[in-house]
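Which chain is which? The protein sequence lines are A and B, in order.
So the first sequence is numbered by our numbering: it starts at 119 and just counts up by one.
So the second sequence is numbered by our numbering: it starts at 5 and just counts up by one.
These are computed hints drawn from the structure, not numbers from a lab.
You may find that some hints are simply not true.
Just the calculated beta-carbon pair ranges, DEER-fashion [said to hold, decoys possible]:
#: 1; chain 1: B; residue 1: 82; chain 2: A; residue 2: 164; range: 46 to 56 Å
#: 2; chain 1: B; residue 1: 70; chain 2: A; residue 2: 198; range: 19 to 29 Å
#: 3; chain 1: A; residue 1: 180; chain 2: B; residue 2: 21; range: 24 to 34 Å
#: 4; chain 1: B; residue 1: 57; chain 2: A; residue 2: 163; range: 38 to 48 Å
#: 5; chain 1: A; residue 1: 176; chain 2: B; residue 2: 44; range: 20 to 30 Å
#: 6; chain 1: B; residue 1: 24; chain 2: A; residue 2: 172; range: 36 to 46 Å
#: 7; chain 1: B; residue 1: 84; chain 2: A; residue 2: 136; range: 30 to 40 Å
#: 8; chain 1: A; residue 1: 163; chain 2: B; residue 2: 74; range: 34 to 44 Å
#: 9; chain 1: A; residue 1: 123; chain 2: B; residue 2: 43; range: 18 to 28 Å
Beta carbons are placed, not taken as given, at the ideal position from N, Cα and C, and that holds for glycine.
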Amino acid sequence: AQRVTQPEKLLSVFKGAPVELKCNYSYSGSPELFWYVQYSRQRLQLLLRHISRESIKGFTADLNKGETSFHLKKPFAQEEDSAMYYCALSGSGSGGSNYKLTFGKGTLLTVNP
Amino acid sequence: GAGVSQSPSNKVTEKGKDVELRCDPISGHTALYWYRQRLGQGLEFLIYFQGNSAPDKSGLPSDRFSAERTGESVSTLTIQRTQQEDSAVYLCASSLIRGRLYGYTFGSGTRLTVV
């Protein structure tokens, strides 16, 4: 079974401070992991995917298979980063439920001025 | 279309009535997904379409829920005899065949309120 845990429902930081949104997963194979973001009154959109090792809007996320984590980090938070962030997992391989994304419950990030 | 389009954006219905929610995916996206998001909860998988077949409908919560898709185009999610616990935002997403590697593109959702 696939499971994604985001332990923090709410996270509040000040502008310019580092931010880390935690994500832990449970999956028996090699997962593919994603972070999605939903800004106020906007639709859910893909922020980044671990497979591409990209940095988007200053955010990065490293897959740690030993700790089964995929934490999202940004060294200097901005007010416009305030949003709901969801971690998501997809199984890998040609079979099984590799088409399906399993989402965490989300973390609401507030960046204060 | 340019994005995933869902209609209506809001729906208020009386308990016991049937509702139909519509999703128009991005042109060329063969995979289509329905998710449900209840207040304060994460996204809950409902059903997956590849073309017009549904290889996985394991997330549909009861036989009051059904969905269909016409070709690689529009999908409708139907909820019969709505109950108050059906109140949620229903999200549709689409992706290319191998879209799981690139993530989904979501619609803006239909907010369903059952009174």
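Results for each hint:
1. B:82 - A:164: 46 to 56 Å: 28 Å, violated
2. B:70 - A:198: 19 to 29 Å: 41 Å, violated
3. A:180 - B:21: 24 to 34 Å: 48 Å, violated
4. B:57 - A:163: 38 to 48 Å: 28 Å, violated
5. A:176 - B:44: 20 to 30 Å: 28 Å, holds
6. B:24 - A:172: 36 to 46 Å: Because 39 Å falls inside the window, the suggested range holds.
7. B:84 - A:136: 30 to 40 Å: Distance hint for residue 84 of chain B, residue 136 of chain A is violated at roughly 50 Å.
8. A:163 - B:74: 34 to 44 Å: 26 Å, violated
9. A:123 - B:43: 18 to 28 Å: Once the Cβ atoms are compared, 19 Å apart, the range 18 to 28 Å for residue 43 of chain B and residue 123 of chain A holds.
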